[in-house]
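Fit chain B to the given chain A structure using the hints.
Listed below are the residues making up each chain.
There are 2 protein chains.
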Amino acid sequence: MALAEAGAGGRLLRWPRIVLFGDSITEFSFQENGWGASLAERLVRKCDVVNRGLSGYNTRWAKLVLPRLITKSAESTVAVTIFFGANDSALKDLNPKQHVPLEEYAANLKSMIHYLKSVDITEDRIILITPPPLQESVWEKECLAKGDQLNRRNATTGEYAHACVQVARDCGTDVLDLWTLMQKNQDFSSYLSDGLHLSTKGNSFLAAQLWSRLEKKLSALPSLLPYWRDVDHTNPEASLL
Amino acid sequence: MALAEAGAGGRLLRWPRIVLFGDSITEFSFQENGWGASLAERLVRKCDVVNRGLSGYNTRWAKLVLPRLITKSAESTVAVTIFFGANDSALKDLNPKQHVPLEEYAANLKSMIHYLKSVDITEDRIILITPPPLQESVWEKECLAKGDQLNRRNATTGEYAHACVQVARDCGTDVLDLWTLMQKNQDFSSYLSDGLHLSTKGNSFLAAQLWSRLEKKLSALPSLLPYWRDVDHTNPEASLL
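These protein sequence lines are chains A and B, in that order.
Following numbering that gives the first Met the number 0, the numbering of the first sequence begins with 0 at its first residue and continues without gaps.
Following numbering that gives the first Met the number 0, the numbering of the second sequence begins with 0 at its first residue and continues without gaps.
It should be emphasised that the hints constitute simulated quantities derived from the structure, not laboratory data.
Misleading hints may appear alongside valid ones.
The list makes no distinction among identical chains, and a pair is therefore deemed to hold if it is satisfied within one copy or across any two copies.
[What the hints assert, rightly or not] Simulated crosslink set (SDA-like; lysine to any residue; CA at most 20 Å straight-line):
hint : residue 1 : residue 2
1    : K91       : D231
2    : K145      : D92
3    : K145      : P15
4    : K71       : L11
5    : K96       : A237
6    : K96       : Y226
7    : K96       : D229
8    : K116      : K183
9    : K109      : R124
For reference, chain A alone in the conformation it holds in the complex (with noise of 0.2 Å):
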């Protein structure tokens, strides 16, 4: 899967990849102790993590960009993640511009699910995130501070990633339902910042979720060019093209 024809000397060696697609949560996904650099740590060799992350977007405005972002081609995309909801669920009067109503965010994440289909990624090889839980007292005070009220709330982002699970158990793709995993028998307020984005803490817990879901699906991956003590250094060229 990985080698192709190509040029001089040796074969084209393809690159597989894996795509993260979401909102804020995403593009800061490679900052210190973040998600996303922690899982091209533990890839490397075997694949590059590309950050398809976009501040502030919702699922309305992800389903226009991703053909966009994402085409048939030659590179070989092994895992895409979709991970939007927590503009999406942003309450309807206080945010008019982030939020998308319930039904329409899931027929998004649809959408999305069969454009990634039609480019022949298939699947097995896609995870829906849902948001994360909202910790609206600590999140208030972000809203005030920029002379807002909160704008968001618990149950509502909630009722937004029942709706993420339910499209993944419609569409057969896998799903990581970081809500309810992040509240599960414990207090949820040392995985967030603001009280909407990941700590520290936040993003170890979603690096090692989401590589119990990826670790199987890229087991097959092999290591990219040889170890250096496997290679032959009297015929490099023997290991090497």
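Here is chain B on its own, set in the frame of chain A:
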């Protein structure tokens, strides 16, 4: 530069990329606080940072595999770092597998620059990085623990660093002389984790030095896709397609 004709609805958005090509110090660059991850964070929404680090490799092997990794293509490669020498400079008698003679090391670097130019990556987009200094006492412990003798010397690594700087001068590329910079008026031991590889502080040092060189080169790169507050939510197609 970043846009091209494409499919359904909108134009295909080509995401530019930087390729980090090197040995283990590059391969490990997405570890916690790593210089590659730091670069990816700084360049989010502008370009991908692609890790092509090959632990243990020298320039003789790197030269062979480079045409398998980077070809003339529609992808826009806005910068390439070439960061070898830590293995080439291993002592011939004690580490004949990885050792590459000084003259050949310089010739291999030139050959890689020549190849990149042949695939339209001009010298102003290439940054050579010299190996970092070696802390012999600490690295010797690593070697002894593996049943080996000290297999590298800081003065020898310095000769390779000087040769690398000279290649950059001859070829008109940029260069980051890590060996010299890390030893300038200071004890360099805190920059290294095991006498050879970078510590957290060494990663930060390299990230800052590299950024000071890349910032100018990449200042013209636009932020890809509109900032969310600039999306016309009454007509998102107009903003996003």
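Status of the hints after comparison with the structure:
Proximity of K91 and D231 under a CA criterion of 20 Å is satisfied inter-copy only: 16 Å between copies versus 64 Å inside one chain copy. Proximity of K145 to D92 under the C-alpha cut-off of 20 Å is restricted to the intra-copy arrangement: shortest distance 17 Å within a copy versus 66 Å between copies. For the homomeric pair K145 and P15, neither the shortest alpha-carbon distance inside one copy (42 Å) nor that between copies (34 Å) is at most 20 Å. Proximity of K71 and L11 under a CA criterion of 20 Å is satisfied in both settings, with 19 Å inside one chain copy and 11 Å between copies.
Proximity of K96 to A237 under the C-alpha cut-off of 20 Å is restricted to the inter-copy arrangement: shortest distance 15 Å between copies versus 59 Å within a copy. In this homomeric assembly, K96 and Y226 come within 20 Å of each other (Cα to Cα) only across copies, at 13 Å, whereas the closest approach inside a single copy is 51 Å. Within a single copy, K96 and D229 get their C-alpha atoms only as close as 56 Å, which misses the 20 Å cut-off; across copies the closest is 11 Å, which meets it. Proximity of K116 and K183 under a CA criterion of 20 Å is satisfied in neither setting, with 33 Å inside one chain copy and 55 Å between copies.
Taking CA atoms no more than 20 Å apart as the test, K109 paired with R124 passes inside one copy only; the shortest distance there is 15 Å, against 41 Å between copies.
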